[in-house]
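> This is what each chain is made of:
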Amino acid sequence: MDIKQDAGNVFPWDGTLTSSDFFRAAHMFSDKWRRFNTSVPPWLWVPCLKRRLASSHEVEGYLSLEKTSLFKSSEEKQDAGSLILKEESNMLENEEPFDCATLGPESDYHEINHYDFHVVYSASYKVPVLYFRAYHSDGQPLLFSEIEKGLPGLSVKFLSESKWTFITQEEHPYLNRPWYKLHPCGTSEWMKLLFSTHKSLTTNGSTIEHYLISWFSVVGQVLGLKIPLEMLNCS
Amino acid sequence: MATDSPGSVRKVVVLLRATGDAPILKQAKFKIAGTDKFAKVIDFLRRQLHRDTLFVYVNSAFSPNPDESVIDLYKNFGIDGKLVVNYACSMAWG
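Here the protein sequences line up with chains A and B, keeping their order. To convert, note that position 131 of the first sequence is 131 in the numbering used here; the numbers rise steadily by one, no gaps. To convert, note that position 88 of the second sequence is 88 in the numbering used here; the numbers rise steadily by one, no gaps.
To be clear, the hints were calculated from the coordinates, so they are not data collected in a lab. Take every hint as true, because none was put in to throw you off.
DSS-like cross-link-like pairs, simulated, lysine-lysine; straight-line CA separation at most 27 Å:
{"no.": "1", "chain 1": "A", "residue 1": "Lys192", "chain 2": "B", "residue 2": "Lys40"}
{"no.": "2", "chain 1": "B", "residue 1": "Lys29", "chain 2": "A", "residue 2": "Lys192"}
{"no.": "3", "chain 1": "A", "residue 1": "Lys192", "chain 2": "B", "residue 2": "Lys75"}
{"no.": "4", "chain 1": "B", "residue 1": "Lys40", "chain 2": "A", "residue 2": "Lys226"}
Below, a sample of chain B positions facing chain A; criterion: calculated Cβ distance under 7 Å:
{"no.": "5", "residue": "Phe55"}
{"no.": "6", "residue": "Tyr57"}
{"no.": "7", "residue": "Asn59"}
{"no.": "8", "residue": "Ser60"}
{"no.": "9", "residue": "Ala61"}
{"no.": "10", "residue": "Phe62"}
{"no.": "11", "residue": "Ser63"}
{"no.": "12", "residue": "Asn65"}
{"no.": "13", "residue": "Asn76"}
{"no.": "14", "residue": "Asn86"}
{"no.": "15", "residue": "Ala88"}
All C-beta atoms, glycine included, are put in the ideal place defined by N, C-alpha and C.
Bound-form chain B, shown alone (with noise of 0.2 Å):
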């Protein structure tokens, strides 16, 4: 089976975008292997902002599926070399 190497990894530049009121994080642009799943990104988010609930979408007007590869992401939504995760922290019902 044809996997790359640990060395071969490909990275995805991923940069978090604070929409809304959500908080602006110190660190926003980190690199992550194409072969982990959005999954990991969104807890990652959760973690920073310590929030359990967010709501993650890219600029196509989409949510992605915690299941998906960060590269396929990267492919189909990837701009300027890094894919843009916007954020935004839970609404109030009202």
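The following block holds chain A by itself, in its conformation from the complex (with noise of 0.2 Å):
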């Protein structure tokens, strides 16, 4: 088996990982937001076995982050691009599972939308790649125009303008439904430019370790997630 160059040995950094890098980068990510975001659903790690042309002894997988809910109610216009991440199973526990800034009387509210969110590695990008759907509470899938009004930073016009990504729909790689992506083509541009800043990063090697919270940092603004900052500063 070959040994896998550490992304922050490669010099100057491309802003790419291997897969195996991802794999590390996915379950440091998922460890350390777990820690951090203890009132919110953790990211898990689901396996897959993929067969590919050349015979591959690692494992392959993606990170899931599913059956999250978008709330809004008309205090929150102002921020109407949140995605608050409750847990759906939480919503039938009858202590006190809302505080009052996401309750409001029932007329203030939309209809509760679901949100699934994939971390997938892309192989001919070699940077992970951002899926995700949407569907209502009966299981039918959202229209694009309506996950655009549930989340503001993804509206084509603000992507479009961008440049940094864009939205397409085509097939998840492993589980064979239509999915949306944010197109991973700019990813390993933007991430060179964050990484930029802190030469010591990628010359220590924990780009790893630090990889998917930035990327995160900027996947998360178009859905409107925020990372806790405290994320950050654990070493």
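Take the two lone chains and join them into the complex the hints point to.
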């Protein structure tokens, strides 16, 4: 088995990861996320076996955050783009599942929509890619226009102007169903930019440890998701 | 509720740093109330550079959410009494 180069040893770094880097980065990310986001669902690693032309003994897989819900009330018009992550199971518990900020009179509520997010490695771009889908409570997929309304950061207009990414719909690499994705073609460029001002991150080889946090700080904004700042400060 | 009165709101010094081929601002350093959101810094940059789309990040390989308060960002990323905010302009596809 080849000894894969740690991403941090490639200098100057090109913003990409090998797939084994991604495996490690994903586990580090989900561990940290779990530690610092105790009120929010964890990212779970879903291992997959996929036949490749060259036989690979690596475990492939993706990170999954599923069945999150978007709550909107008239109070939150200012932050209309924010996704509040609450596991659906919590909704059934009766002891104060919500605080006052997120609950209002029923008439204030838009329908609750559900989102699944997957972070999947792209072997062609050598970066992580965010896949997502959204559906109503009855399982009906949301129209893209409805998704845009719920997550203004996703608006096609905003993204096309930003030129850092855009949304496409295509078959999920492992699940054989159409999902939306944030296209990865700009990712290595902006990952390079992000790490450019912190040289020690790439030379110390701690690129892998920080990669998905940095990546998610950008991608999460499109979805209105925040990373707690404390996640960044553990070495 | 204990909030600072306007006279005692802590200000944060922000230094805007151009990266890549982004234009350098004539005035790159300014003070902003700590309680303001990062969105205000982004909007300021957009107006100064006449561009809607910028890539904005701080020194720890992190792009702050516009909803973060400037004082929190300063506490986590500030160096030598200021918060350095890097910006790059949209790159072209190709």
